[in-house]
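Student: For reference, the chains in residue letters:
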Amino acid sequence: MRVVGNSIGLMFGLPGQGMHLHLDALSLLFGCILLPQVVAASVAGMRASVAFWAFVLGMALALLAADGFTLIFGFELMSAASWLLVMQGDRKPATLYAGVAIFSGACLIPALFLPASSLAFVLVALGAGAKAGLAPLHSWLPRAHPAPPAGVSALMSGGMVKVALYVLIRYAFINLAPAQQPWWGEALVAAGALSVLIGALRAVLEVELKTALACSTVEHVGLITVGLGLALYAKAIGDAELSGVALQAALLCAVAHGLFKPLLFIGAGEVKHATGTTSLNWLGGLMRGMPRLGALMLLGAAGMAALPLGPGFAPEFLLFHAVIGAAATGGILARIGFSALLAVLGIGAALALAAAVRVIGLGFLGRPRSLHAAAAEDLRRGPFVAMALLGALAIPVALVPGLLLDLLNPVIMLLAPEAQTPPLAYAPVTLLILAGLAALAAGFVQTRWGVRGLREVPAWNGGFGRPPAWLPFGDPHTQASATGFAEPVMRVMGKGLLGAGMTDPAERFLLTPLFRVQTRLIRLAERVRRATIRERLAFVFAVLVAFLLALGLGQGG
Amino acid sequence: MLSFALAFIATVLHIALCFMGAPLLMGLVNKLRAWLLGRRGPPVLQPYRHLAKLLRKSTLVPDTATELFAFWPLGAFLALAVATMLIPGFATGMLTAPAGDYVTIVGLFALARAAAMLGGLETGFSFGGAGAAREALFGIFAEGALLVLLLAFALLAQSTSLDGIATAFRTAHIGISVSLGFALAAMLTVALTETGRIPTDNPSGHLELAMVHEAMGLEYSGRLLALLEFAGMLRLLAWMNLIGTIFLPFGMARVAEIFSWPGGLALWVGKLLVMAVALSVFEVSRAKMRVFRVPEFLGAALLLGMLASVFLFVAARIGA
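These protein sequence lines map, in sequence, to chains G and R.
Note that the first sequence covers residues 1 to 557 in the numbering used here.
Note that the second sequence covers residues 558 to 877 in the numbering used here.
Keep in mind that the hints are not guaranteed to be accurate.
To be verified - DEER-style ranges, computed between Cβ atoms: (1) 329/G - 613/R: 53 to 63 Å; (2) 403/G - 558/R: 24 to 34 Å; (3) 841/R - 402/G: 47 to 57 Å; (4) 873/R - 420/G: 18 to 28 Å; (5) 420/G - 603/R: 47 to 57 Å; (6) 613/R - 463/G: 17 to 27 Å; (7) 598/R - 403/G: 52 to 62 Å; (8) 817/R - 241/G: 29 to 39 Å; (9) 448/G - 807/R: 33 to 43 Å.
Worth flagging that the hints you see were computed from the coordinates, not collected in a lab.
Using N, Cα and C, we set each Cβ at its ideal position, and we do this for glycine too.
Can you build the whole structure from these sequences, using the hints too?
Tutor: Written as structure tokens, this is what we have:
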């Protein structure tokens with residue numbers, strides 16, 4: 001190991017060059033996002049898996065890389081190890097996952113060695129975007145992320161997509177900065193807005209808990225990308241304040257998402273462990289048997305829904321302000337686009353709220369929909385420690401986002417040196433104090449004029465009678481199911497955006513045609529394999545004639 | 558020091574008036590509606606009696622509910638209470654002004670909505686679940702429309718805090734612009750939906766199948782129901798304050814000038830009265846629409862909100 005300049009050289013790697021590691025503010029930030037998740041995932045039960053540690057090593061190498069080779073090596077190690085882990089869980093999505101990983105590698109490898117140009121940016125955006133689950137290359141994510149064990153799902157959703165975004169940030173903001181164009185940012189904003197809309201909508205419609213969480217990850221990747229795109233656009237047109245606010249929004253969203261999403265995934269794994277299923281149609285009433293898990297999931301869901309006083313609100317707040325700032329200047333078409341973006345983000349936020357309410361309301365409240373859900377026992381020790389760690393770290397993000405934004409300043413200065421960061425206008429502590437005053441007033445009124453005590457009785461339920469004795473929790477079909485709760489949204493928005501079959505547009509317009517091409521190629525290959533000896537000889541002869549003809553014509557002409 | 562004391566007094570006065578007056582406003586709207594329908598109607602003070610009665614009744618918890626049953630009405634109440642404290646009423650420049658960003662207010666409304674929806678899902682019976690599912694659907698378009706509207710306000714007022722918007726609209730000569738007209742129409746649409754009034758929901762309806770807001774509170778009783786009902790009253794007042802602050806900011810008092818307070822207070826009461834009359838007249842002249850027509854209604858609000866900002870862009874472009 002030797003130190004060259006401000007990077008550290010390692011003795012292995014490319015012959016004659018070795019590998020170079022380098023730590024700056026950006027890699028430090030993403031390392032800090034990664035660290036709690038790695039600790040949580042290992043505590044939650046992944047300690048003994050070699051593939052898991054290879055996965056972690058790959059992510060760490062990608063973050064610390066000082067040269068293109070090390071970056072690619074770490075990135076591909078991360079992809080390969082996570083592919084193994086996905087395959088341990090479920091073989092079906094593993095092939096698609098490997099295909100996407102190869103595609104993203106094929107885009108990234110040439111991009112890292114190209115000079116700074118728009119082509120390099122497009123390749124980086126495609127490669128890193130495919131890995132991060134950015135629309136329209138996102139349809140693998142809701143299939144692959146739920147497959148492995150909960151700890152790995154947590155790290156894939158919270159960490160791996162962040163590493164992909166890290167690559168995008170490093171190249172778009174630093175390495176390719178000399179060639180930057182405003183349309184880079186606009187393209188990222190468009191892809192991000194599409195991800196927000198599709199991710200949030202599918203999160204409301206999916207019945208499997210882990211799939212819904214993975215769709216919500218697509219939404220949050222979209223939010224981060226919208227922030228990054230706005231910052232890139234602002235940097236290119238020289239708007240210092242907008243680039244500062246947009247970067248704050250994107251980076252804070254990455255921090256918050258890196259805490260509450262692993263928490264939710266580990267919680268989903270515990271639901272699976274306790275009840276044997278993650279289908280919301282078979283859960284219900286888990287808060288009774290699993291109060292600790294329920295409380296932690298409530299915190300995570302508040303973050304996922306971007307509710308005030310939760311960890312997800314400050315980034316959303318900053319993002320709205322960034323979009324308003326972007327719409328205040330510029331050409332008329334761009335401004336109309338930004339006002340449409342504001343509508344998309346608003347609809348996305350409300351969809352995320354509906355998705356979070358659905359996870360908590362159907363999974364943890366109400367009556368159990370199966371005996372397994374009724375008999376569920378609370379969290380095991382390891383996952384509880386992991387979730388408590390992530391939850392405890394999410395509290396400062398929720399309550400003092402202003403302090404955290406100060407810590408982000410060096411990163412913002414690194415990415416956009418001229419950016420200005422105005423102070424945050426959202427003060428959760430003030431809201432908390434006001435809420436405390438209102439609670440005190442309500443408590444006073446209650447003790448002064450009210451009567452105490454609660455009495456447990458059969459539910460009124462619109463006057464229906466009690467269920468028969470052989471249905472201890474009543475008929476599960478008389479309470480809203482996961483599909484039923486989503487039905488109004490499906491009817492109004494889902495049919496228009498996803499079609500009647502509820503398939504992702506990316507699958508319909510991207511994967512299905514690709515699959516058709518593949519089938520044709522396979523048929524062609526099969527035809528070639530089955531060719532008789534005469535056909536083969538005729539083919540060789542024809543090629544020879546054609547070659548000689550071409551040669552002769554080329555020399556004669 | 559004096560200015561701080563004045564701001565403190567004004568803030569406390571605002572909060573006290575809002576909390577004390579919210580049931581009165583609801584009683585007034587109910588009375589006006591009854592008059593317009595040719596009935597005598599309940600006394601204006603009936604909501605106070607209703608709340609006092611509920612506080613004295615015993616509180617029942619369904620045996621299928623979880624430990625959090627009592628938490629959701631409290632959550633909805635607290636979110637709306639904080640929103641009411643942050644939205645300016647009779648004066649600008651209150652102590653709560655710096656925290657009163659428009660996006661925070663929208664977030665607090667969303668928080669109240671989430672708590673109410675979870676309360677509906679809590680007992681696991683079908684009416685609550687159906688109400689929550691419909692509320693989720695309405696919320697999607699309502700929140701989109703509200704945030705799009707912010708763009709028009711922010712462009713006109715150069716501020717995103719409610720206090721800043723009110724100050725800018727009161728002092729600057731914005732005049733009657735097409736954008737603000739569109740914005741007002743969109744805002745009223747969202748307000749009617751969020752407060753659960755006709756044409757999207759019927760506050761005095763008794764048919765469970767057609768309920769949205771009421772359905773989520775069906776299993777609540779006693780003091781928890783009192784909390785939910787009071788939260789509903791606060792929501793109506795908060796929305797009227799919001800519309801009054803943005804669209805009718807004339808005559809709002811300045812906190813630092815104590816002599817402007819009586820005028821501001823009188824005008825505030827007058828504005829609330831006018832809005833209560835307008836709401837009653839609108840409600841008796843409309844029928845409730847089908848649940849799946851409501852997204853179209855709110856979609857129109859979303860489009861109007863976008864048009865409001867597009868008109869501003871065009872106006873800026875042609876220099877009008």
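Student: All the hints need checking, so say for each whether the structure fits it.
Tutor: Against the structure, the hints:
1. 329/G - 613/R: 53 to 63 Å: For residue 329/G and residue 613/R the Cβ distance comes to about 59 Å; the hint holds.
2. 403/G - 558/R: 24 to 34 Å: holds, 29 Å
3. 841/R - 402/G: 47 to 57 Å: This hint holds: roughly 48 Å between Cβ atoms.
4. 873/R - 420/G: 18 to 28 Å: holds, 24 Å
5. 420/G - 603/R: 47 to 57 Å: At roughly 55 Å between Cβ atoms, residue 603/R and residue 420/G fall inside 47 to 57 Å, so the hint holds.
6. 613/R - 463/G: 17 to 27 Å: With Cβ atoms ~24 Å apart, the hint holds.
7. 598/R - 403/G: 52 to 62 Å: holds, 54 Å
8. 817/R - 241/G: 29 to 39 Å: holds, 34 Å
9. 448/G - 807/R: 33 to 43 Å: holds, 39 Å
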